[in-house]
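Protein chains in written order, with this note's numbering: chain C, 1 to 116; chain Y, 117 to 232.
Think of the hints as simulated: they come from the structure by calculation, not from any bench.
These figures come from a predicted structure and were not determined experimentally.
Hints may be right or wrong, so weigh each one.
Said to hold, decoys possible - Keeping only pairs whose Cα atoms sit at most 16 Å apart, straight-line, the calculated EDC-like set for lysine to aspartate or glutamate is:
no.	chain 1	residue 1	chain 2	residue 2
1	C	K3	Y	E160
2	C	K108	Y	E160
3	Y	K173	C	D102
4	C	K70	C	D102
5	Y	K158	C	E44
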Amino acid sequence: AQKITQTQPGMFVQEKEAVTLDCTYDTSDPSYGLFWYKQPSSGEMIFLIYQGSYDQQNATEGRYSLNFQKARKSANLVISASQLGDSAMYFCAMKAPLNRDDKIIFGKGTRLHILP
Amino acid sequence: EPEVTQTPSHQVTQMGQEVILRCVPISNHLYFYWYRQILGQKVEFLVSFYNNEISEKSEIFDDQFSVERPDGSNFTLKIRSTKLEDSAMYFCASKGTPKRGNQPQHFGDGTRLSIL
Numbered sequence: 001a002q003k004i005t006q007t008q009p010g011m012f013v014q015e016k017e018a019v020t021l022d023c024t025y026d027t028s029d030p031s032y033g034l035f036w037y038k039q040p041s042s043g044e045m046i047f048l049i050y051q052g053s054y055d056q057q058n059a060t061e062g063r064y065s066l067n068f069q070k071a072r073k074s075a076n077l078v079i080s081a082s083q084l085g086d087s088a089m090y091f092c093a094m095k096a097p098l099n100r101d102d103k104i105i106f107g108k109g110t111r112l113h114i115l116p
Numbered sequence: 117e118p119e120v121t122q123t124p125s126h127q128v129t130q131m132g133q134e135v136i137l138r139c140v141p142i143s144n145h146l147y148f149y150w151y152r153q154i155l156g157q158k159v160e161f162l163v164s165f166y167n168n169e170i171s172e173k174s175e176i177f178d179d180q181f182s183v184e185r186p187d188g189s190n191f192t193l194k195i196r197s198t199k200l201e202d203s204a205m206y207f208c209a210s211k212g213t214p215k216r217g218n219q220p221q222h223f224g225d226g227t228r229l230s231i232l
């Protein structure tokens with residue numbers, strides 16, 4: 001069975017510091033994709049970053065990077081130089097297998113609070 | 117940047133009534149999805165739709181639910197006889213090209229459905 005686990009229900013981080021949001025996953029499919037989405041208090045879901053299981057390098061998108069450790073089945077999101085606008089709920093998600101166009105499964109999320 | 121649009125943003129309906137949630141996916145996208153998020157919980161997959169038919173549905177998507185793409189632009193979710201437990205945020209998502217599994221699903225801003 002596929003599963004996404006986010007063990008941090010909430011985090012408080014000082015503005016301008018880097019923050020790591022944890023995500024572990026479980027799947028028996030060798031081909032899968034991992035996603036991070038941001039959900040501000042207004043409710044919309046914003047795609048942040050993607051990592052494929054066969055990608056050789058860790059994904060980066062601006063201040064976001066994904067620390068992908070395949071053997072540990074972890075896909076932590078790192079936000080560098082955090083900003084007040086980063087305060088939101090963050091969801092780790094997975095799609096497996098990659099060659100099927102069906103559902104994404106989500107973790108329970110981590111609520112990030114950036115402190116001024 | 118093209119985006120998925122959902123209407124209405126908030127729908128209040130009496131229990132037992134039918135409700136239709138509307139979505140306009142990104143125009144050149146081929147895959148469409150509905151998810152829901154009960155308040156304070158994780159996002160759950162409901163149904164995926166491709167080539168004018170359902171490609172996968174979850175256990176949540178029972179006979180009370182249906183989806184339709186009535187024209188070239190709209191994608192709707194209908195709940196025939198709403199229950200209190202249908203109260204949630206409903207997200208529509210769409211995805212583009214069929215061959216690349218790493219395409220992210222782009223989410224709309226959601227419709228908050230409140231059943232009284």
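Hint check:
With a C-alpha separation of about 12 Å, the suggested pairing of K3 of chain C with E160 of chain Y holds against the 16 Å cut-off. Our distance criterion of 16 Å between C-alpha atoms is met by K108 of chain C and E160 of chain Y, whose separation comes to about 10 Å. Of the pairs offered as hints, the one joining K173 of chain Y and D102 of chain C holds, with about 9 Å between alpha carbons and a cut-off of 16 Å not exceeded. Taken as a hint, the K70 of chain C and D102 of chain C pair is broken in the structure, with Cα atoms around 22 Å apart against an allowance of 16 Å.
With a CA separation close to 13 Å, the supplied pair K158 of chain Y and E44 of chain C stays within the 16 Å bound.
Of the numbered hints given earlier, the model fails hint 4 alone.
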